[in-house]
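Please put together the full structure from these sequences, using the hints given.
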Amino acid sequence: MIRESETPMSEAQPQTYPEIRDAVRRLCAGFPGEYWQKLDRDRIYPTEFVRTLTDAGFLSVLIPEDYGGSGLGLGAATAVLEEIHRSGCNGGACHAQMYTMGTLLKHGSEAQKQAYLPAIASGELRLQAFGVTEPTAGTDTTRIRTFAKRAGDKYVVNGQKIWISRAEHSDLMVLLCRTTPREECAKPSDGMSVLLVDMREAVGKGLTIRPVRTMLNHATTELFFDDLEVPAANLIGEEGKGFRYILSGMNAERILIASECIGDGRFFIDRAAAYAKDRSVFGRAIGENQGVQFPIARAWVQIAAASEMVDKAARLFDAGADCGTEANMAKMLASEASWYAADMCIQTHGGFGFAEEYDIERKFRETRLYQVAPISTNLILSHVATHALGLPKSF
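Going by this note's numbering, 379 is the number at position 85 of the sequence shown; the sequence numbering is gapless.
It should be emphasised that the hints constitute simulated quantities derived from the structure, not laboratory data. This structure is a prediction, so every number in the text was calculated from the model and none was measured. Treat the hints with caution; some may be incorrect.
Listed next, the in silico DSSO-like pairs over lysine-lysine satisfying Cα-Cα at most 27 Å (straight line) [stated by the list, open to error]:
no., residue 1, residue 2
1, K400, K535
2, K400, K571
3, K448, K407
4, K535, K481
5, K481, K443
6, K571, K535
7, K443, K400
8, K332, K400
9, K606, K571
10, K400, K481
11, K448, K535
12, K571, K407
13, K448, K400
14, K443, K499
15, K332, K407
16, K535, K443
Simulated restraints, written as ranges between beta carbons of each label pair [claimed, not checked]:
no., residue 1, residue 2, range
17, D349, K499, 52 to 62 Å
18, K443, D492, 10 to 20 Å
19, P326, T508, 18 to 28 Å
20, A679, I338, 18 to 28 Å
21, A591, M509, 44 to 54 Å
22, D336, W457, 42 to 52 Å
23, V575, L683, 44 to 54 Å
24, T502, R573, 25 to 35 Å
Using N, Cα and C, we set each Cβ at its ideal position, and we do this for glycine too.
Following this line, the structure appears as structure tokens:
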């Protein structure tokens, strides 16, 4: 097993929240590569890791102190997730709890907050499922078809969702559905509402969860709703305004996932630099060759630059400023930088990069998840073009 070591470049990188970062690194040391490799082979959810993070309070950093959390900002949350990924662990098993609860916190009633947030903060309840994407809608969220019809003191939900992670490991789900047909709305984004679904009561009573096996261990599922009854009291905010509520949480999601990409990138740079110094071919370390040095250096440059954008977006978010453009830029830059670093690390290790024991191939696959797909890149660039450059919408 290759030894882990810090490089001079990584030591030169300034860090925010050093106490949080150090605590996260110490926690992650208890979950080495062997732990993740074993889970990955059989697609097992990292229950022990998530429980340990919860008990340490890291998953409740954004929940206000009045509800049992730490009451910290998004900057602190990005530090947590970055260090999780830099340590070789995977925050994808639990990161949704940080941003999905924002919909409840910002738009829920006080009764809803009191009922759920303290239990989420303590770990008694898990809010890990975020039901938005549908097979026929894709990234055009205004075309979702899952419909919730009001019937007295409840909603009756019918429809389907796809690519919903962690549904089998969550007690609650934030569900976006239509409550008014699209054709009856003044704007396509009108007529959607957010329901907080208690998964413990829903499964088998109108909700069916079907696992979707993918190239990595991400607990991905498909959901089917067949006359699922949800109490009307579980409506978050006002009926018909759900699209706006969901959008308010997507900036946080993009910034947090961007921070994971930064952590992944630094993981790959650390491993590549250590291997380049230790691996000898033709009587000298391969790191003495510029053909090996320069790709590592370029990866570091790209990650360092992307990190600045992530930090800027988090600062704007915490200040309550408009950060949509910066959040989109952060996710695109960080995901592309981490993907370059992942490829560089594989190339540096050669055949050993594909060996399970080095952990490179696992992290390579996990990083691919966060690499922005072409359609998502187009959406991000469209957002930047219209909001930052003032150009008309292209689609």
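Quick one, are K535 and K481 close enough, alpha carbons at most 27 Å? 11 Å, holds
Original post:
Do the Cβ positions of T502 and R573 conform to the proposed distance bound of 25 to 35 Å?
Top reply: This hint is violated: roughly 50 Å between Cβ atoms.
Is the straight-line distance between the alpha-carbon of K332 and that of K400 27 Å or less? Given that 27 Å is the threshold and the Cα spacing comes to 39 Å, the pair is violated.
Check: Quick one, are K571 and K535 close enough, alpha carbons at most 27 Å?
Finding: With Cα atoms ~56 Å apart, K571 and K535 exceed 27 Å; violated.
If you draw a straight line from the CA of K332 to the CA of K407, is it 27 Å or shorter?
-> Measuring from Cα to Cα gives roughly 37 Å; hence the hint is violated.
**Item:** Hinted pair K448 and K535, Cα distance within 27 Å
**Value:** Answer holds: K448 to K535 is near 18 Å, not above 27 Å.
>> Would the hint linking K448 and K407 be met if the CA-CA limit is 27 Å?
In response: It holds: about 20 Å lies between the C-alpha atoms, which stays within 27 Å.
Holds or violated: K443 with K499, Cα cutoff 27 Å? 17 Å, holds
>> Hinted pair, alpha-carbon criterion (27 Å max): K400, K481. Please report holds or violated.
In response: Distance of about 23 Å is within 27 Å: holds.
- Query: CB of D349 to CB of K499, is that within 52 to 62 Å?
  - Reply: 31 Å, violated
Assessment of proposed distance window 18 to 28 Å (beta carbons of P326, T508): 24 Å, holds
| Within a Cα-Cα threshold of 27 Å, do K481 and K443 meet the stated pairing? | 20 Å, holds
Of the numbered hints listed earlier, those contradicted by the structure are 2, 6, 8, 9, 12, 15, 17, 20, 21, 22 and 24.
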